[in-house]
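Novice: Given the coordinates of chain A, assemble chain B onto it according to the supplied hints.
The lines below spell out each chain.
Number of protein chains: 2
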Amino acid sequence: MLAEIITIGDEILIGQIVDTNSAWIAQQLNSAGIRVKQISSVSDDRQHILTALKEAQERVDVILITGGLGPTKDDITKKTLAEYFQVGMIENAEALENVKRIFAKYNRPLLEVNRQQALVPENCEVINNHNGTAPGMWFEHQGKVYVSMPGVPFEMMYMVEDQVLPKLKATFKLPFIIHKTILTVGEGESFLAERIADIEDSLPPHIKLAYLPKLGQVRLRLSGYGENQDNLATEVEHYAEQIISSLGTVVVAQEDIALEKALLDKLESSSKTLSVAESCTGGYISHLFTQHPGSSKAFLGGAVSYSNELKESILGVKNETLWQHGAVSEKTATEMVQGALQNFKSDYAIAVTGIAGPGGGTDEKPVGTVWIAVASAAETVVRRFTFGNKRKQNIERTAITALGMLNTLLGNL
Amino acid sequence: MLAEIITIGDEILIGQIVDTNSAWIAQQLNSAGIRVKQISSVSDDRQHILTALKEAQERVDVILITGGLGPTKDDITKKTLAEYFQVGMIENAEALENVKRIFAKYNRPLLEVNRQQALVPENCEVINNHNGTAPGMWFEHQGKVYVSMPGVPFEMMYMVEDQVLPKLKATFKLPFIIHKTILTVGEGESFLAERIADIEDSLPPHIKLAYLPKLGQVRLRLSGYGENQDNLATEVEHYAEQIISSLGTVVVAQEDIALEKALLDKLESSSKTLSVAESCTGGYISHLFTQHPGSSKAFLGGAVSYSNELKESILGVKNETLWQHGAVSEKTATEMVQGALQNFKSDYAIAVTGIAGPGGGTDEKPVGTVWIAVASAAETVVRRFTFGNKRKQNIERTAITALGMLNTLLGNL
Numbered sequence: 001m002l003a004e005i006i007t008i009g010d011e012i013l014i015g016q017i018v019d020t021n022s023a024w025i026a027q028q029l030n031s032a033g034i035r036v037k038q039i040s041s042v043s044d045d046r047q048h049i050l051t052a053l054k055e056a057q058e059r060v061d062v063i064l065i066t067g068g069l070g071p072t073k074d075d076i077t078k079k080t081l082a083e084y085f086q087v088g089m090i091e092n093a094e095a096l097e098n099v100k101r102i103f104a105k106y107n108r109p110l111l112e113v114n115r116q117q118a119l120v121p122e123n124c125e126v127i128n129n130h131n132g133t134a135p136g137m138w139f140e141h142q143g144k145v146y147v148s149m150p151g152v153p154f155e156m157m158y159m160v161e162d163q164v165l166p167k168l169k170a171t172f173k174l175p176f177i178i179h180k181t182i183l184t185v186g187e188g189e190s191f192l193a194e195r196i197a198d199i200e201d202s203l204p205p206h207i208k209l210a211y212l213p214k215l216g217q218v219r220l221r222l223s224g225y226g227e228n229q230d231n232l233a234t235e236v237e238h239y240a241e242q243i244i245s246s247l248g249t250v251v252v253a254q255e256d257i258a259l260e261k262a263l264l265d266k267l268e269s270s271s272k273t274l275s276v277a278e279s280c281t282g283g284y285i286s287h288l289f290t291q292h293p294g295s296s297k298a299f300l301g302g303a304v305s306y307s308n309e310l311k312e313s314i315l316g317v318k319n320e321t322l323w324q325h326g327a328v329s330e331k332t333a334t335e336m337v338q339g340a341l342q343n344f345k346s347d348y349a350i351a352v353t354g355i356a357g358p359g360g361g362t363d364e365k366p367v368g369t370v371w372i373a374v375a376s377a378a379e380t381v382v383r384r385f386t387f388g389n390k391r392k393q394n395i396e397r398t399a400i401t402a403l404g405m406l407n408t409l410l411g412n413l
Numbered sequence: 001m002l003a004e005i006i007t008i009g010d011e012i013l014i015g016q017i018v019d020t021n022s023a024w025i026a027q028q029l030n031s032a033g034i035r036v037k038q039i040s041s042v043s044d045d046r047q048h049i050l051t052a053l054k055e056a057q058e059r060v061d062v063i064l065i066t067g068g069l070g071p072t073k074d075d076i077t078k079k080t081l082a083e084y085f086q087v088g089m090i091e092n093a094e095a096l097e098n099v100k101r102i103f104a105k106y107n108r109p110l111l112e113v114n115r116q117q118a119l120v121p122e123n124c125e126v127i128n129n130h131n132g133t134a135p136g137m138w139f140e141h142q143g144k145v146y147v148s149m150p151g152v153p154f155e156m157m158y159m160v161e162d163q164v165l166p167k168l169k170a171t172f173k174l175p176f177i178i179h180k181t182i183l184t185v186g187e188g189e190s191f192l193a194e195r196i197a198d199i200e201d202s203l204p205p206h207i208k209l210a211y212l213p214k215l216g217q218v219r220l221r222l223s224g225y226g227e228n229q230d231n232l233a234t235e236v237e238h239y240a241e242q243i244i245s246s247l248g249t250v251v252v253a254q255e256d257i258a259l260e261k262a263l264l265d266k267l268e269s270s271s272k273t274l275s276v277a278e279s280c281t282g283g284y285i286s287h288l289f290t291q292h293p294g295s296s297k298a299f300l301g302g303a304v305s306y307s308n309e310l311k312e313s314i315l316g317v318k319n320e321t322l323w324q325h326g327a328v329s330e331k332t333a334t335e336m337v338q339g340a341l342q343n344f345k346s347d348y349a350i351a352v353t354g355i356a357g358p359g360g361g362t363d364e365k366p367v368g369t370v371w372i373a374v375a376s377a378a379e380t381v382v383r384r385f386t387f388g389n390k391r392k393q394n395i396e397r398t399a400i401t402a403l404g405m406l407n408t409l410l411g412n413l
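Going down the list, the protein sequences come from chains A and B.
Per full-length UniProt numbering, numbering through the first sequence is continuous, rising by one, with the last residue being 413.
Per full-length UniProt numbering, numbering through the second sequence is continuous, rising by one, with the last residue being 413.
This is chain A alone, in the form it adopts within the complex (with noise of 0.2 angstroms):
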């Protein structure tokens, strides 16, 4: 089963935006055992739209569209959708139900501009839009499958998983698929590979592992294909369970979570806090862990201590560290942990404090030199690491470490 992904307007192709929409539907339809073939970005022109649809279905047997279905007159993904099934545009009924809707809910008048969100070529089915007046649209012809949805995320997120899949499912009677990820930190994917290589061996044709590195942390998903649903589950959760065992502790979560996601349940879920004080990755750790909702369970906060002054002042680092040791040195991360430990109350902190660049580095410290420290009441752990010379990637690389050394420190809490 092969798919392609089609975007519609100029935003991409002029580069103001990214197109996240796509590599989230490739996930989605990967998932669900469906093979990206081709994604295309194409302008709001008529004939470049007709020509796309064209040389997709020659290729494919679904086709995702993206955009342009807006109420303005660039947006033209409907009627050039008319024109390439030869059919008309009818108003439908339950579209204009929920362009009523929405007006109502923000107290607008309705204008015939408005209005026309519901017409729609009349070989449609239309997918309520629950977030959004533009409906999308499932077409059947000649055997293929067309959907078009808004270009809105969270309008085209919502439409995928809750209508498009199921009915993708249905329509093509899919296999059963079953993922189950493994997320692990810390070791790179040929040591990993190394460590399970028989059970990679003794894998059954029908489970294939994958291996998804990404800075620092490697996912191995194993997915199953097959007929029986309730067999298949048990026996992926068999070799599942046979690589966490094989792999200890670089094991941090079970299923698919960010890194930091998975090291706040494992506190929540043993009633203790974390706090960080952070100096060359600004803001950034913090960051990570409050962009999950509840993070609030486990997470206290914590210093930006950019400045030595609040190195100081908010953790407790002393005078005479700094001037003796410099700011990136093993004595201040520790005292820059044992701060936050002490100052903050939580029962684990993480520090860092390095140089993140493109300025700053010396012969001695050179760009890219980072101490990283983590500590509980009864351990602290303080380690030396230069990474590149590129800031962005310091940063990240510093966060995605220090996170590594928290789970460690963790341990099988």
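Bear in mind the hints are in silico, worked out from the structure with no lab data behind them.
Misleading hints may appear alongside valid ones.
All copies of an identical chain are treated as equivalent in the list; a pair is satisfied when it fits inside any one copy or across any two copies.
Straight-line C-alpha distance at most 27 angstroms; calculated DSS-like pairs for lysine-lysine [unchecked claim]:
1) Lys-266 <-> Lys-105
2) Lys-392 <-> Lys-214
3) Lys-331 <-> Lys-345
4) Lys-54 <-> Lys-37
5) Lys-365 <-> Lys-318
6) Lys-390 <-> Lys-297
7) Lys-105 <-> Lys-37
8) Lys-79 <-> Lys-37
9) Lys-144 <-> Lys-54
10) Lys-261 <-> Lys-345
11) Lys-169 <-> Lys-144
12) Lys-37 <-> Lys-73
13) Lys-208 <-> Lys-37
14) Lys-266 <-> Lys-390
15) Lys-73 <-> Lys-266
16) Lys-54 <-> Lys-73
17) Lys-318 <-> Lys-345
18) Lys-318 <-> Lys-297
19) Lys-261 <-> Lys-392
20) Lys-144 <-> Lys-297
21) Lys-37 <-> Lys-169
On a predicted model such as this, the values are computed, not experimentally measured, just so you know.
Specialist: Chain B only, in chain A's frame:
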């Protein structure tokens, strides 16, 4: 002049990575006066790549290809290009030197598979890769230009800026284009358009004005097209000055930079400092500032006071304030911002406290309720906002709104 961007490789098609390369390339091409007609992401499949190339050359003049240049078996871009152009492969001396240089630098033995990185289709002109072993390649074929580059972002970016763009400008004798960006914050597109309607109407046909809105900010971009670079620069500057003086303090910067970077520049040029006290944004505002090189000159740091205890201990918010008014209140925001000024000894401070959601809302203070305070020794401004019910958006909107309020407070600093 039209271009197509083709990305080759499965990572994008399975949704493992978001295609940020294409947006970046599209921006660069647009700034040089080359319009991107289509972006296509295709798999590492010989026939699929051949079809994509054939389709692209039917609609555009320039085809920029990224990815599929690694040393492993699944990277087939080079040999597929040779097949497409019906030429053989030869070893390129310059590319081989580059491979040897990089292996010598990291003190690694040169294997046969690495030596093959220097094999290229015989009709290409090699584009040296300063940051990696895979050479870029420039082809001219039947009046069209094809450029193949690695998919690794910084290798590709360096090639585009340093070599590909200058060569495209020279090959196609593109007209001069001068862009001037004016960054505004706090007012919407329609407000701005009304304020500068007269100026916009008076623009000559060879100078265009674009509104590029993004999260509470609008970039106004003047683009001048012409033959004489000096005259054009003077002319664009003339209209820019008119716009800037009409818009007053909503203008933050006269170049295309990030909002927070513009604020840092303003502070630095007046030798003023800033600190922050973040509750609901959880470190995001600090992260925005500290991602910029040199931010430590103006940004001292701050507190991520997620828990009430930290609001008291680091910022000196009164216990009775928290009890009587709650953490999300005018009084708490005021005490936070004044605590930051005092404890962190900065000239300016930002404080935010709110309910990012999805939990924690009440009838009186629904999810999305945020208090933002900005202050100097002389003045404190506190405002209440009600954003939406999406956590990530609440964090971003709070941050941008706080930056806008700081901009107003800074005034003509």
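Novice: If a hint holds in the structure, say so; if it doesn't, say that too.
Specialist: For each hint, the structure was consulted:
Proximity of Lys-266 to Lys-105 under the C-alpha cut-off of 27 angstroms is found in neither arrangement, the shortest distances being 41 angstroms within a copy and 43 angstroms between copies. For the identical chains of this complex, Lys-392 and Lys-214 are neighbours both inside a copy (15 angstroms) and across copies (22 angstroms), given an alpha-carbon limit of 27 angstroms. In the homo-oligomer, the alpha carbons of Lys-331 and Lys-345 lie at most 27 angstroms apart both inside one protomer (21 angstroms) and across protomers (25 angstroms), since each shortest distance falls under that limit. Taking the closest pair of Cα atoms, Lys-54 and Lys-37 come within 27 angstroms of each other both inside a single copy (15 angstroms) and across two copies (17 angstroms).
In the homo-oligomer, the alpha carbons of Lys-365 and Lys-318 lie at most 27 angstroms apart inside one protomer (21 angstroms), although the nearest pairing across protomers, at 42 angstroms, exceeds that limit. With identical chains, the CA atoms of Lys-390 and Lys-297 are at most 27 angstroms apart between copies only, with a shortest distance of 19 angstroms across copies and 34 angstroms within one. Taking identical chains as interchangeable, the C-alpha atoms of Lys-105 and Lys-37 are never at most 27 angstroms apart, the minima being 41 angstroms within one chain and 39 angstroms between chains. Taking identical chains as interchangeable, the C-alpha atoms of Lys-79 and Lys-37 lie at most 27 angstroms apart whether they share a chain (26 angstroms) or sit on different chains (21 angstroms).
Taking identical chains as interchangeable, the C-alpha atoms of Lys-144 and Lys-54 lie at most 27 angstroms apart whether they share a chain (11 angstroms) or sit on different chains (24 angstroms). Taking identical chains as interchangeable, the C-alpha atoms of Lys-261 and Lys-345 lie at most 27 angstroms apart only when both belong to the same chain, with a minimum of 21 angstroms there against 34 angstroms between chains. Only within a single protomer do Lys-169 and Lys-144 lie at most 27 angstroms apart by alpha-carbon distance; the minimum there is 14 angstroms, versus 43 angstroms between protomers. Taking the shortest alpha-carbon separations for Lys-37 and Lys-73, only the inter-copy value of 20 angstroms comes in at or below 27 angstroms, while the best intra-copy value is 31 angstroms.
In this homomeric assembly, Lys-208 and Lys-37 come within 27 angstroms of each other (Cα to Cα) only inside a single copy, at 20 angstroms, whereas the closest approach across copies is 38 angstroms. Taking CA atoms no more than 27 angstroms apart as the test, Lys-266 paired with Lys-390 passes between copies only; the shortest distance there is 25 angstroms, against 32 angstroms inside one copy. Taking the closest pair of Cα atoms, Lys-73 and Lys-266 never come within 27 angstroms of each other, the shortest separation being 52 angstroms inside a single copy and 41 angstroms across copies. In this assembly of identical chains, the alpha carbons of Lys-54 and Lys-73 lie at most 27 angstroms apart only when taken from the same copy (24 angstroms versus 32 angstroms across copies).
In this assembly of identical chains, the alpha carbons of Lys-318 and Lys-345 lie at most 27 angstroms apart whether taken from the same copy (19 angstroms) or from different copies (18 angstroms). Proximity of Lys-318 to Lys-297 under the C-alpha cut-off of 27 angstroms is restricted to the inter-copy arrangement: shortest distance 22 angstroms between copies versus 31 angstroms within a copy. Taking identical chains as interchangeable, the C-alpha atoms of Lys-261 and Lys-392 lie at most 27 angstroms apart whether they share a chain (22 angstroms) or sit on different chains (15 angstroms). Taking the shortest Cα distances, Lys-144 and Lys-297 never come within 27 angstroms of each other, neither inside one copy (49 angstroms) nor across copies (59 angstroms).
With identical chains, the CA atoms of Lys-37 and Lys-169 are at most 27 angstroms apart within one copy only, with a shortest distance of 18 angstroms there and 33 angstroms across copies.
Violated hints for the displayed structure, listed by number in ascending order: 1, 7, 15, 20.
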